[in-house]
Amino acid sequence: MRKTKKLLSSFLIVAMLSSLMLSGCNSEGTDKIEVELVQYKPEAVAAFEKIEEGFNNTHDNIHLTIQSPNEAMTILKTRFIREDYPDIVGIGGDINYSNFLDADMFMDISDFEGVSDIKQAYMDIEDELEFIPTDGVFALPYVANASGILYNKDMFEENGWKIPQTWTEFTELCETIRASGVQPLYFGYKDTWTCLAPWNALAVGLSPSDTCAQVNAGKTTFSKEYRETAEKIKTLLDYCEPNPYAYGYNDACTAFARGQAAMYPIGSYAVPQIKSVNPDMNIDSFVFPANDDEKDNVLNSGVDLQFCVMKNSKNKEAVYEVLRYLYEDETIQIYLDVQNSIPCKNGDFKLPSMLDGMKSYIEEGRMADYQDHHYPSEMSVDAMIQTYLMDNSSDATDKFLKRFDDEWVRYNRDLIQKVQDYEKEAKK
Amino acid sequence: MKSGRRLSSKSRTYLGMLIPVVILFFAFNTLPLIIGAFYSFTNYRGYGSWDFVGLRNYFDLFTDSRVWNSYLFTFKYAIVGTILVNVISLLMGLALNSKIRFKSTLRGIYFVPNILGGLIVGYIFSFIFTYIIPAVGETFNIEWIQNSILADERFAWIGVLIVGVWQAVAMNTIIYISGLQTIPEDVYEASRIDGAGKFLTFRKITLPLLMPFISINLVLSTKNMLMVFDQIMSLTKGGPAQSTESISYLIYRNGMDGGQFGFQSANAVIFFILIVTISVIQMRMTGKKEEQL
Amino acid sequence: MRRLKRKQGTNWFLTFVLILGCLTVLFPLYMTVIIAFKNPSEMTNDVAGALAPPSNWSFDNFAEAMKVTNFWSALANSLFISGITIVLSVLIHSIAGYVIGRNMRRKKGYKLVYFYIVSGMFVPFAILMMPLVKETAQIGLANPIGVILLYLVFYMPMNVMLYSGYLKNIPLAMEEAAEIDGASTWKTYWTVIFPMMKPMHATVAVLTALGTWNDVMTPLVIMSGSENTTLPLAQLNFQTQFGTNYNLAFASYLLSLIPILIFYVVCQKQIIGGVANGAVKG
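So the sequence lines, in the order shown, correspond to chains P, R and F.
Each residue of the first sequence is one higher than the last, beginning at 429 in my numbering.
Each residue of the second sequence is one higher than the last, beginning at 24 in my numbering.
Each residue of the third sequence is one higher than the last, beginning at 10 in my numbering.
Everything labelled a hint here was simulated from the structure, so no lab data went into it.
Since the model is a prediction, treat every value here as computed from it, not as a measurement.
Hints may contain errors.
Said to hold, decoys possible - In silico DSS-like links for lysine-lysine, alpha-carbon gap of 27 Å or less:
(1) R:LYS312 to F:LYS116
(2) R:LYS33 to F:LYS207
(3) F:LYS117 to R:LYS312
(4) F:LYS116 to R:LYS126
(5) P:LYS547 to P:LYS662
(6) F:LYS207 to R:LYS126
(7) P:LYS652 to P:LYS787
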């Protein structure tokens with residue numbers, strides 16, 4: 429018994445001591461202004477460590493801490509619950525941003541001078557992410573990614589295949605490739621989110637970029653806007669491996685890297701995973717030719733990383749200083765050297781080679797955001813698309829589109845109410 | 024008089040031992056549960072502002088086909104899973120407790136499935152189901168295994184179940200083994216002297232004495248199977264065609280990752296009440312069996 | 010009063026069947042091990058290629074994985090959290106299980122407490138998570154101590170159930186004898202009952218360790234943003250949104266599997282040996 433008691437008390441002491449130690453760690457006696465930045469891309473940690481070091485070496489009065497945690501969105505949400513806000517967050521331009529903004533968490537930074545250096549196309553994308561049009565600037569796009577079709581450049585050159593400009597050319601190309609005994613496309617539909625890659629790439633060309641907002645305002649329906657997208661994504665199944673629902677994202681990346689397919693409809697973000705399997709692979713990309721008129725095609729590109737200032741941040745000046753540093757050309761280049769991305773700032777940056785096929789679209793600003801950045805994640809549109817693709821009945825498309833409309837109302841009830849109230853107000 | 028006072032001091036000791044534990048439990052289990060249940064009457068997203076919506080979330084639950092499907096899937100999975108896990112782990116417990124060679128090594132090996140992380144389990148079993156089994160099917164011309172079981176919306180749940188059972192057996196086996204240890208050797212000897220056969224000994228001696236542990240294992244495995252989450256996350260993510268969305272998966276994915284915290288809290292409350300009811304019935308039933316001894 | 014050893018030999022048939030059954034574990038384990046040794050460029054979808062051993066058995070992946078996860082520090086944190094949780098679980102939950110188990114048959118109140126605690130096992134974690142994040146932060150427990158406290162609560166239902174179930178097979182006569190000798194209830198518990206529950210302590214320790222060692226969610230949400238990462242948290246490094254390094258990840262998982270496997274084997278020795286041997290005769 430004495431032994432147990434001893435054990436118990438010694439453990440309690442250890443526990444207490446360590447909690448003291450933990451709380452003691454935070455007291456650092458400096459008079460510098462602390463700025464904390466949390467960004468959600470742990471894969472870019474190397475770049476951000478460099479940036480952090482560079483900033484702190486050149487600034488005596490401000491100390492910048494950049495966190496690149498895993499599962500950053502969960503961590504951010506739990507920190508918000510705790511009301512433990514960082515000064516700046518680096519997040520994606522997606523529905524999470526819309527929700528945070530709607531919850532009134534970000535500061536208006538329209539007086540930051542760097543805003544005017546950002547490409548207008550990306551600023552427009554940011555505007556469309558606002559549920560309700562809000563005056564002011566709340567997000568500063570940093571880098572973007574693009575989605576379309578990745579192709580095996582060597583394979584294309586050997587066979588003399590040409591980059592298709594229209595939907596008809598694309599299906600013809602698929603036929604040609606298949607006739608030569610190669611699998612034209614490969615999908616990893618077991619991971620439902622990959623269903624969204626071709627979906628988005630098709631939808632940007634076939635429906636207006638503000639489709640979701642229009643639906644919320646009661647001006648149109650998805651049955652109308654998405655019919656062509658739905659039909660075309662189903663056509664793609666004719667050219668992919670049998671039973672694509674058995675293979676995941678990773679399988680598809682590996683298969684493409686091993687030359688088992690000529691093309692892979694996915695975003696530029698997949699390139700590192702593909703190259704990890706086959707480092708010497710020659711990958712290029714082209715814009716998804718969704719239309720029969722090349723002029724109607726649009727590149728699917730969205731903000732991969734943007735910075736927002738938290739409303740609660742007390743040191744606006746210091747935060748702006750950090751932003752200024754982040755948006756210097758040299759700093760952006762540090763990031764681009766590590767990650768294959770498209771910078772959102774105007775300027776002369778070197779684009780990664782696998783985006784060569786998309787270059788002209790990027791330069792002309794002919795792009796539109798991923799449609800799924802407007803879908804509430806709990807609606808699981810990706811799973812709905814997978815269900816639709818697996819449905820072989822003749823009225824599958826109608827059922828799917830009707831379901832899309834019905835569920836949209838169900839999952840966005842409060843938002844639709846809000847939007848329609850706003851519209852009414854605006855009319856008055 | 025004297026004995027009465029002694030009893031009350033004994034009771035006081037008991038209470039002194041128990042009350043701090045109950046307080047701790049209340050603070051970190053019941054209190055947050057009450058707060059969570061409170062949010063089930065709101066449209067809270069998990070951050071930002073919220074409004075009261077009355078019973079709307081509860082009404083929505085009953086009309087949401089996705090929620091219904093998740094209950095169907097989960098119960099189908101749990102019933103089959105609980106039976107399989109308990110039969111297999113009881114057999115394993117008996118086998119690993121008998122006179123065999125390499126006992127420690129074997130016990131160690133059979134424990135491994137339970138400690139493999141989700142990433143490993145997901146990758147390895149996806150590979151087995153997607154590539155190895157179909158390859159075997161092609162080599163030996165067995166048609167029904169030539170397609171990945173995880174890609175078929177009718178059978179994907181069986182794929183998840185195989186992995187779920189494979190992982191769960193280890194834990195229940197441990198409990199059965201420790202239960203078997205409480206049965207004194209001389210009981211077996213007495214039975215042997217009486218000339219009882221192996222099966223009769225099992226039925227008349229082992230099984231009744233093991234009843235408390237069967238009861239515990241039933242409750243634990245029912246609970247674990249009803250709350251299936253890890254296997255779904257690592258194997259199917261609810262697919263194909265939303266056929267393997269479990270209740271826990273929906274609650275987590277839409278409540279935490281998505282913005283449905285209020286709605287999924289309502290789901291969690293209903294689910295909680297349902298499992299508690301099931302477990303109480305289970306305990307009553309096995310409890311009666313125990314008392315019959 | 011030694012009992013005679015049973016005169017039954019090894020059951021070779023059963024041994025053989027069990028060894029054969031091991032294949033269901035060893036095959037996936039084999040795949041895990043070879044992937045942990047391979048390079049990313051050796052990964053393939055081809056069955057023969059995937060099952061082939063790596064081109065060379067170098068420990069580079071393991072070294073790299075240890076570097077990426079800051080292995081020793083993460084291991085120390087994991088050991089600290091799991092270790093203290095296990096010790097406190099055995100001490101506290103066994104008391105609760107004992108008090109409840111001994112009284113629930115006669116007194117309604119205790120039975121109620123039993124069902125109250127056991128029912129806590131069925132609360133989906135997702136509903137508790139957000140309120141807990143807030144609660145722990147408010148009382149300054151957004152740290153490893155908070156995680157330990159939460160684990161103590163999370164595993165209480167199962168452990169109380171196990172302990173009070175086990176108690177049913179420990180005869181009351183034991184305590185009564187001690188009490189007649191004048192020992193207090195508290196003392197009787199520690200000197201008589203606690204040692205007798207040794208096999209159950211081992212079981213509880215193993216099951217609690219299992220739950221805490223691989224847990225990602227609790228430390229992630231409770232200690233988010235702190236530097237005290239545990240092994241499973243550090244292992245999230247291998248998975249990003251658009252890519253997973255399976256080779257490093259598997260190497261890292263294998264490394265973190267070793268401590269708990271050793272712990273299990275040690276505890277197994279405690280489970281074997283049985284409680285009731287000699288006890289009933291008392």
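message: Hint compliance check: list the failing hint numbers for this structure, sorted ascending.
response: 4, 5, 7
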